[in-house]
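Starting from the structure of chain A, add chain B where the hints point.
Number of protein chains: 2
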Amino acid sequence: MTNEEAQAALDLLRKTIDEVDLRILKLFNERARIVEKIGDIKKVAALPIYEPRREDMVFQNVLSGNGGPLSEAAVRRLFERIIDEMRTLQRERMAKEKGQ
Amino acid sequence: MTNEEAQAALDLLRKTIDEVDLRILKLFNERARIVEKIGDIKKVAALPIYEPRREDMVFQNVLSGNGGPLSEAAVRRLFERIIDEMRTLQRERMAKEKGQ
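As given, the protein sequences belong to chains A and B, one line each in that order. Note that the working numbering numbers the first sequence so that position 58 is 58, with each residue one more than the last. Note that the working numbering numbers the second sequence so that position 40 is 40, with each residue one more than the last.
Incorrect hints may appear among the rest.
Copies of the same chain look alike in the list, so a pair counts if it works inside one copy or between any two.
Stated by the list, open to error - Each computed SDA-like pair below joins lysine to any residue, with the alpha-carbon atoms no more than 20 Å apart: (1) K26 / L78; (2) K42 / R87; (3) K37 / D84; (4) K96 / T16; (5) K26 / R14.
Since the hints were derived computationally from the structure, they do not count as laboratory data.
Looking at chain A on its own, in the form it has when it is part of the complex (with noise of 0.2 Å):
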């Protein structure tokens, strides 16, 4: 492979991800929109916003639907973080609430 056709390769290969990367963010939106329904439900019914158990089927969700190359571990700590934004997104809208 010439430097070159190896860069072109590149190009294409990165082009890609960043049509994937718009698909990933896509859904975490999307993901976050269905959490604001949720803390909105919870509101009006006066049920608990963190509920550790739920999160516990979120991470068995994924990792029994994981067929990698991505580790279990990676899988996990992806999670964590998504679950961990969704959590800061809802209280920076109850604080905003709050201050109406």
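Just chain B now, kept in the frame of chain A:
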């Protein structure tokens, strides 16, 4: 909304989250496979594995495509985790190849 109605609505939304999560997981692994291909090309062409400028472009791509509700800071943290896990996967793969 009765407690039962709230619970039914939550169950439905959680089912949707589980589906979204499996789609996210699929894209994570798709991204990982592309990163593996990039690693292979870099190895053959003797190009540097780590390219900070490319990482800036990854962030630029997702930040310019973010419509929320997730904040810019949240999107950055999420993709930092993704990039980090891809790097870990590459490292593990290279260590395995050296060990063979």
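Identical-chain pair category, K26 with L78, by Cα at 20 Å: Answer is both; intra-copy 16 Å and inter-copy 13 Å each pass.
I want to check one pair: K42 and R87. Are their C-alpha atoms no more than 20 Å apart within a copy, between two copies, both, or neither? Within one copy only: 14 Å inside, 38 Å across.
Intra- versus inter-copy proximity for R14 and K26 (alpha-carbon distance at most 20 Å): both (18 Å within a copy, 18 Å between copies)
Taking 20 Å as the upper bound on the Cα-Cα distance, should K37 and D84 be classified as within, between, both, or neither? Within. Shortest intra-copy distance 17 Å satisfies the 20 Å Cα cut-off; inter-copy 30 Å does not.
Taking 20 Å as the upper bound on the Cα-Cα distance, should K96 and T16 be classified as within, between, both, or neither? Cα proximity of K96 and T16: none, with 38 Å in one copy and 26 Å across.
Of the hints listed earlier, the one the structure fails to meet is number 4.
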